[in-house]
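K.L.:
Heads up: the sequence lines are chains A and B, in that order. Quick note, the first sequence lines up with residues 12 to 319 if you use the numbering used here. Quick note, the second sequence lines up with residues 4 to 418 if you use the numbering used here.
There is no bait here: all hints are sound.
With a straight-line Cα cutoff of 27 Å, these simulated DSS-like cross-link-like pairs (lysine-lysine) come out:
#, chain 1, residue 1, chain 2, residue 2
1, A, 201, B, 365
2, B, 365, B, 318
3, B, 264, B, 242
4, A, 132, A, 194
5, B, 365, A, 102
6, B, 318, B, 331
The following residues of chain B were derived to be distant from chain A, with all beta-carbon distances above 12 Å:
#, residue
7, 88
8, 89
9, 328
10, 342
11, 344
Chain B is nowhere near these chain A residues, computed Cβ spacing over 10 Å in every case:
#, residue
12, 126
13, 184
14, 187
15, 195
16, 315
Just so you know, the hints here were simulated from the structure itself, not pulled from any lab data. Being a predicted model, the structure only gives us computed values, none of them experimental. Where is the CB? At the ideal position from N, CA and C, for every residue including glycine.
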Amino acid sequence: MYRIRFHGRGGQGVKTASRILGRAFFNQGYAVQDAPRYGAERRGAPIFAYVRASRTPIYERGIIQRPDCVVVVDDTLMPVPAAAILQGCEKRTLVLLVSDLPAEQWIQRLHIQGNLICLPKAGEGRESPFLWGMACVGAVARLLGVLSREVLSDALRQELVTLDKAAAEQSSNTALDSFDEMKATQIQIKESSVAAAATYPPPHWVDMAMEQGPHTAPAIYAAATSEKLATGLWRTQRPVIDHTICNRCWWLCSTFCPEGAIHVDSKGFPQIDYAHCKGCLVCVGQCPTHAIQALAEQEASRLSGEER
Amino acid sequence: MQRELLTGNGAAAWGARLARIEYLPAFPITPQTEIIENLSQWIDGGEMDCRMVTMDSEHSMITAAGAAAVTGVRTCTATSSQGLLHGMEMLYTVAGWRAPFVLINVSRGLAAPITLEPDHNDILAARDSSCVQLHCSTCQEVVDHMLIAFRLAESEGVRLPVIVNLDGFYLSFTREVVQLPDSRTADAFLPPYPSDFSLRFRPHEPVSAGVAVLGGSTYSYFRYQAHLASLHALPQYEKICLDFADLFGRQYGPLEEYQNKDAEYVFIMIGSYATKAKQAVDSLREAGWKIGLVRPRILRPYPEAHLCKALQGKKGVAVIDQNISMGKGGILYTELRSALYGHPDAPLLASFIGGLGGRDIKEEEFFEMASVLKQASADGTPPPPRLLYTEEEMREMRALQTIAGAIPVAQGDSR
Numbered sequence: 012m013y014r015i016r017f018h019g020r021g022g023q024g025v026k027t028a029s030r031i032l033g034r035a036f037f038n039q040g041y042a043v044q045d046a047p048r049y050g051a052e053r054r055g056a057p058i059f060a061y062v063r064a065s066r067t068p069i070y071e072r073g074i075i076q077r078p079d080c081v082v083v084v085d086d087t088l089m090p091v092p093a094a095a096i097l098q099g100c101e102k103r104t105l106v107l108l109v110s111d112l113p114a115e116q117w118i119q120r121l122h123i124q125g126n127l128i129c130l131p132k133a134g135e136g137r138e139s140p141f142l143w144g145m146a147c148v149g150a151v152a153r154l155l156g157v158l159s160r161e162v163l164s165d166a167l168r169q170e171l172v173t174l175d176k177a178a179a180e181q182s183s184n185t186a187l188d189s190f191d192e193m194k195a196t197q198i199q200i201k202e203s204s205v206a207a208a209a210t211y212p213p214p215h216w217v218d219m220a221m222e223q224g225p226h227t228a229p230a231i232y233a234a235a236t237s238e239k240l241a242t243g244l245w246r247t248q249r250p251v252i253d254h255t256i257c258n259r260c261w262w263l264c265s266t267f268c269p270e271g272a273i274h275v276d277s278k279g280f281p282q283i284d285y286a287h288c289k290g291c292l293v294c295v296g297q298c299p300t301h302a303i304q305a306l307a308e309q310e311a312s313r314l315s316g317e318e319r
Numbered sequence: 004m005q006r007e008l009l010t011g012n013g014a015a016a017w018g019a020r021l022a023r024i025e026y027l028p029a030f031p032i033t034p035q036t037e038i039i040e041n042l043s044q045w046i047d048g049g050e051m052d053c054r055m056v057t058m059d060s061e062h063s064m065i066t067a068a069g070a071a072a073v074t075g076v077r078t079c080t081a082t083s084s085q086g087l088l089h090g091m092e093m094l095y096t097v098a099g100w101r102a103p104f105v106l107i108n109v110s111r112g113l114a115a116p117i118t119l120e121p122d123h124n125d126i127l128a129a130r131d132s133s134c135v136q137l138h139c140s141t142c143q144e145v146v147d148h149m150l151i152a153f154r155l156a157e158s159e160g161v162r163l164p165v166i167v168n169l170d171g172f173y174l175s176f177t178r179e180v181v182q183l184p185d186s187r188t189a190d191a192f193l194p195p196y197p198s199d200f201s202l203r204f205r206p207h208e209p210v211s212a213g214v215a216v217l218g219g220s221t222y223s224y225f226r227y228q229a230h231l232a233s234l235h236a237l238p239q240y241e242k243i244c245l246d247f248a249d250l251f252g253r254q255y256g257p258l259e260e261y262q263n264k265d266a267e268y269v270f271i272m273i274g275s276y277a278t279k280a281k282q283a284v285d286s287l288r289e290a291g292w293k294i295g296l297v298r299p300r301i302l303r304p305y306p307e308a309h310l311c312k313a314l315q316g317k318k319g320v321a322v323i324d325q326n327i328s329m330g331k332g333g334i335l336y337t338e339l340r341s342a343l344y345g346h347p348d349a350p351l352l353a354s355f356i357g358g359l360g361g362r363d364i365k366e367e368e369f370f371e372m373a374s375v376l377k378q379a380s381a382d383g384t385p386p387p388p389r390l391l392y393t394e395e396e397m398r399e400m401r402a403l404q405t406i407a408g409a410i411p412v413a414q415g416d417s418r
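Chain A on its own, in the form it takes in the complex (with noise of 0.2 Å):
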């Protein structure tokens, strides 16, 4: 059985991505399952999808705990914990990451025993974050050695059916030129076997003992701590404010941002805590000067000199 594990945001095609490859594999004649995982929150938010795909029929289900092949949409995930992206990795597993920086310093900094294949952001067609999606899945179909060109191009096809005709063209070709990209390499994914039962690491249960006090309920009693949860990384948009245009009005920015996250200094000006942000832009439409620019976060953080 294939085991491919997405890792991504919201609004980055991951979810689109593993459809297309469940339906590759689909309209190849294995049997599939392909699930997204979610929670409860907004664009930008880690994701996950899971896609197995199996001569014979799939009893596994929901998360994959070791997988074949990770796919990391966007490398500013790598350290979200929440992501959790190198869980269950093994030496057989290929990472397959979305990033300008070259392979070997991830290998390094991941201590990755197996193979690692960058896909560069900055590549043509892969100007939109929900191109990234796209250009991992052509790489995998490719990767996978036994899913034709035709079959991923059928499986576009299919899955983008909701998208008007141009963002279909365009998301078809970024995903197949990474499969054509992929021809060079040697690297190859390989199906894994079902866990063995004669050898198996025992899980450590333990007796949930009884417990009292406060802790037994559901509730926080700590003050703030939503500051830990860094919530900046979800941002895909960032909102820049113009200080020169800015009138210092009756600070209508940091009354309705939803998150708190902008406060307004000593002399009177709003900043904004790019640590928290989640690049709702609420601000950006609210601001009765026009002073608040919404930046693509990519190129947001490439003109402030940051690295994420």
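We have chain A; now place chain B onto it with these hints.
P.N.:
Just chain B now, with coordinates in the frame of chain A:
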């Protein structure tokens, strides 16, 4: 019949479409909403001849479903979790009206704490409502059981709401290969809503439904009739499944028995996680175990005789409950114990609680449950009930409690 890739929600919507439902009262809740989205698009596009009404709550939604059903309209509706509980008053009420319609429940754990992921405490809270309960484990079963459910609800002698249950996420959002029944065969299997069946409200023929009956004996009569109707739904379900197999070639029945014939040990589960148990059975058999899976597809009426027969002479049975009755334990375990009480050949039972709020049950946990079961059977002593919860999860819990300021930092570190 067409091979398709469908989610559980997509399969449920297709089932309703193939059943040619005429009325769809709706109220949104995750993870069920996609069912209504699918159906509303088809209705909007003229592909279904159905009236959809968005209601102000599940309480009204279930009332509307029951009211439509008793006036002679094939009705379907869907909910999850808190929604099912919010409509619970009316669920008991419309079942008491003997209103035949189909309610899809997409299982999701109950608040508090609130979650989106599945377990079965929502559907089991409706256990005593007189609604028939069908529990699906694959997307294929979902679409097929939608058709079966309407036949069953509308069977003379049953006339009760039928709930088709599927797990949130693990089925609702998971695409699998489904053989989609074609509409002509579906029509042959499921005839139009029986016309002599309803109250047929007419201005010149007034009828009162769901009347008050002060006096326990009148009340007892109606309540016991509902019980007998529920019991009758079991042979009726078997009969309908035979008809279904004739037309579609897929076999269903009160129990799925996987590798059970020569099994000495058995897992018992309901819902989508049961396919994980099948995987574990395959792996364990490869390692020389004689083990199988028994999965009830119907839980109300309870397939007591079927279970006793399927488990007779087994050495041990591990009941894995994805639910918990506070102050008692696993509900499937409790019910199975009562079913087996007094049977001379009853196996040893072991109770496991796992998969609450969508917590995964890993392969190695199935292997370990088998091990515990074998040891207990050899000793002849049932093990204490076990929550599937690891040391690592406990450590993570302590870390969260520390952040929440619920326990002091030092205590969090020391555990």
